[in-house]
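Respectively, the protein sequence lines represent chains A and B. FYI, in this note's numbering the residues of the first sequence are 96 to 378. FYI, in this note's numbering the residues of the second sequence are 96 to 378.
What the hints contain is simulated information worked out from the structure, not anything from laboratory work. Please read these numbers as outputs of a predicted model, since none were measured by experiment. Wrong hints could be hidden among the right ones.
[As the list claims (entries may be wrong)] With the Cβ distance kept under 8 Å, some of the chain B side facing chain A (calculated, not the full set):
1. 275
2. 337
3. 347
4. 348
5. 361
[Unchecked claim] Each pair of labels, with its calculated beta carbon distance range:
6. B:219 - A:307: 47 to 55 Å
7. B:330 - A:115: 31 to 39 Å
8. A:219 - B:287: 42 to 50 Å
9. B:335 - A:358: 26 to 34 Å
10. B:241 - A:169: 45 to 53 Å
11. B:114 - A:274: 24 to 32 Å
12. A:169 - B:335: 37 to 45 Å
13. B:145 - A:154: 56 to 64 Å
14. A:207 - B:274: 38 to 46 Å
[Said to hold, decoys possible] Some chain B residues close to chain A (C-beta under 10 Å, calculated; not the full set):
15. 277
16. 325
17. 328
18. 338
19. 339
20. 340
21. 342
22. 343
23. 344
24. 352
25. 360
We treat Cβ as the ideally placed atom computed from N, Cα and C, and that holds for glycine.
Number of protein chains: 2
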Amino acid sequence: MSKVNSASGALVIIGGAEDHTNERKILAEFVRLSGGGDASIVIITVASEAQSEVGSRYTEVFTQLGVREVRALNINKRGDANARAAVEMIEKATGIFFTGGNQLRITMLLGGTKVDTALHRRNEQGLVLAGTSAGAAMMSTVMITGGKSDTAFRIGIVELSPGMGFIGGVLIDQHFEERGRLRRLLLAVAQYPQEIGLGLDENTAVVVRDQELEVLGQGSLTVIDAGGMSYTNLASLKKDDILTLCGVKIHILSEGYRFDLRNREPLIEADSEVKKAKEAKRG
Amino acid sequence: MSKVNSASGALVIIGGAEDHTNERKILAEFVRLSGGGDASIVIITVASEAQSEVGSRYTEVFTQLGVREVRALNINKRGDANARAAVEMIEKATGIFFTGGNQLRITMLLGGTKVDTALHRRNEQGLVLAGTSAGAAMMSTVMITGGKSDTAFRIGIVELSPGMGFIGGVLIDQHFEERGRLRRLLLAVAQYPQEIGLGLDENTAVVVRDQELEVLGQGSLTVIDAGGMSYTNLASLKKDDILTLCGVKIHILSEGYRFDLRNREPLIEADSEVKKAKEAKRG
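Taking the hints into account, I'd like the entire structure generated from these sequences.
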């Protein structure tokens with residue numbers, strides 16, 4: 096399902112609009128995983144059209160969070176992602192942060208470059224990768240690139256494309272509750288029931304390690320598992336017909352809850368640590 | 096689960112904003128079930144603050160659909176719903192149409208009155224009952240009366256009240272996709288997993304007969320079945336905590352598809368009539 100193994104660096108996949116100014120829980124966790132004050136963080140702004148502003152903003156936030164070495168890598172053409180200097184930034188980094196924007200800019204400008212190769216190799220050796228919004232969507236092998244969420248549930252409203260492939264077996268959607276994207280993610284997993292749909296609300300993240308997800312932040316993770324789908328009319332749909340699907344399972348998980356991608360199950364029963372942590376916080 | 100039996104009149108439960116001017120498929124089906132041109136239709140406008148306008152509008156539509164006997168019953172105080180003339184209108188009717196507005200106005204002004212009693216008795220004998228929006232929500236034994244749908248998924252956002260009880264075992268939400276109400280319906284069924292959640296999009300209806308639903312109209316019916324829910328943190332939630340729930344089943348059904356409330360299952364395999372009807376329409 097995925098080449099991720101226990102030596103791989105964590106992925107921090109963020110549903111967009113993460114807190115930059117208050118508790119900054121998600122960004123602080125990314126910094127902690129990357130080595131804290133000793134981290135070397137590279138911000139990859141390729142998804143954005145306004146790379147230098149976005150880079151400056153995140154540089155400021157990570158600096159405020161105590162990281163001494165923060166650099167932005169702007170990529171405006173594929174040559175930038177094949178440059179020796181860019182690859183060296185990746186080699187030295189302990190944490191990479193992908194900003195939001197357009198996920199197709201990430202794949203078009205980064206896919207198959209030397210930076211891409213270095214990111215995969217270094218992630219397998221422990222490099223932490225984070226991404227928000229478009230930077231979250233592109234993490235998977237297949238990514239959602241478009242599709243209206245509104246009104247009815249018609250064939251063709253969701254567009255899927257090859258992603259950057261840092262995690263397999265999932266389809267990631269972001270701004271999930273805020274933009275009402277349940278039906279587009281349902282349509283996507285109905286087409287590819289082998290993939291598990293992950294819908295991340297804003298200011299909400301999953302930290303992925305060794306095929307286990309843990310939720311962090313203010314909103315919810317919606318997990319859609321169409322593996323047990325008993326019927327869909329998808330194969331016979333014509334354009335503007337409405338999708339029917341039966342027997343799709345969903346889980347909605349809040350902070351501290353975990354999900355096992357291997358067994359497609361939430362990790363609840365054995366999970367006394369979560370409860371303890373929650374009780375401690377409340378105490 | 097419900098007293099509905101095979102002699103009972105159909106319920107036509109509409110997700111709001113049904114077409115009044117073009118094909119009028121849903122209202123035409125209600126008219127057909129009520130006896131066509133020979134129907135005697137009573138429009139109950141109690142949910143609305145502007146009863147006479149709403150009554151006139153629906154009178155015009157049903158008249159255009161060929162019904163010769165259409166009357167509006169306005170109820171502004173409980174006495175109106177205990178009046179002999181009002182009860183006589185119900186006795187003579189073959190179809191009742193509840194307009195939209197505020198579902199609490201329906202229960203406050205109609206609950207326990209002679210009109211209420213007559214509606215239940217006559218429905219058991221075959222009287223067809225339709226309702227749109229608030230007129231849909233009130234059909235069930237327990238109804239949703241409020242609760243914000245936006246942002247996160249916090250305890251207390253959904254308000255439930257006793258409904259008019261024309262159908263048991265379900266919780267009905269309307270304007271479902273248009274107002275992004277999935278999470279409020281999930282929260283409601285997480286609290287009452289014995290009830291099946293029915294989310295109706297606008298210009299979409301279910302026709303209920305003998306514990307079977309059939310979808311009609313432009314959008315989808317979302318069925319939420321929390322009967323198999325494996326875990327929820329609902330019991331230990333404090334205000335503003337976020338709900339977690341695992342293993343909830345959903346079905347999304349479009350026009351022509353049916354659902355069996357008794358067995359909590361879509362009726363797909365044996366349902367060759369649906370396919371034939373669809374093929375005939377396309378032919």
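Against the structure, the hints come out as follows:
1. The interface hint given for residue 275 of chain B holds, since its Cβ lies 5 Å from the closest Cβ of chain A, which is under the 8 Å cut-off.
2. Interface hint status for residue 337 of chain B: upheld, as the beta-carbon distance to the closest one in chain A is roughly 4 Å, under 8 Å.
3. Because the beta carbon of residue 347 of chain B sits about 5 Å from the nearest beta carbon in chain A, less than 8 Å, this interface hint is met.
4. With a least beta-carbon distance of about 5 Å to chain A, the hint placing residue 348 of chain B at the interface is held under the 8 Å criterion.
5. Checking residue 361 of chain B against chain A: minimum C-beta separation of about 4 Å stays under 8 Å; hint holds.
6. Checking the proposed 47 to 55 Å range against residue 219 of chain B and residue 307 of chain A shows it holds: the Cβ atoms sit about 54 Å from each other.
7. Checked against the given bound of 31 to 39 Å, the beta carbons of residue 330 of chain B and residue 115 of chain A, roughly 35 Å apart, stay inside it.
8. Between residue 219 of chain A and residue 287 of chain B the CB atoms are about 47 Å apart, so this pair conforms to the stated range of 42 to 50 Å.
9. Checked against the hint of 26 to 34 Å, the pair residue 335 of chain B and residue 358 of chain A passes, with Cβ atoms roughly 32 Å apart.
10. Range check, residue 241 of chain B to residue 169 of chain A: about 49 Å between beta-carbon atoms, so the 45 to 53 Å window is met.
11. Judged by the Cβ atoms, the range 24 to 32 Å given for residue 114 of chain B and residue 274 of chain A holds: they are separated by roughly 27 Å.
12. Restraint check, residue 169 of chain A to residue 335 of chain B: a C-beta distance of roughly 40 Å satisfies the suggested window 37 to 45 Å.
13. In this structure the hint that residue 145 of chain B and residue 154 of chain A lie 56 to 64 Å apart at CB holds, the actual value being about 57 Å.
14. For the pair residue 207 of chain A and residue 274 of chain B, the supplied restraint of 38 to 46 Å holds, since their beta-carbon distance comes to about 43 Å.
15. Interface hint status for residue 277 of chain B: upheld, as the beta-carbon distance to the closest one in chain A is roughly 6 Å, under 10 Å.
16. Annotation: interface hint on residue 325 of chain B holds; nearest CB of chain A at approximately 7 Å, less than 10 Å.
17. Interface hint status for residue 328 of chain B: upheld, as the beta-carbon distance to the closest one in chain A is roughly 8 Å, under 10 Å.
18. Among the interface hints, the one on residue 338 of chain B holds; its C-beta lies about 7 Å from the nearest C-beta in chain A, closer than the 10 Å criterion.
19. Evaluation of the residue 339 of chain B hint against chain A yields a held restraint, the C-beta minimum of about 5 Å falling below 10 Å.
20. Annotation: residue 340 of chain B was flagged as interfacial toward chain A, and the flag holds, the nearest CB pair being 5 Å apart, inside 10 Å.
21. Hint status for residue 342 of chain B relative to chain A: holds, with the closest Cβ pair at about 6 Å, below 10 Å.
22. A hinted interface residue such as residue 343 of chain B counts as satisfied when its beta carbon comes closer than 10 Å to some beta carbon of chain A; here the least separation is about 5 Å, so the hint holds.
23. Proximity of residue 344 of chain B to chain A holds as hinted, the smallest CB-CB distance being about 6 Å (cut-off 10 Å).
24. A least Cβ separation of about 5 Å between residue 352 of chain B and chain A falls short of the 10 Å threshold, and the interface hint therefore holds.
25. Because the closest C-beta pair between residue 360 of chain B and chain A is about 8 Å apart, less than 10 Å, the hint holds.
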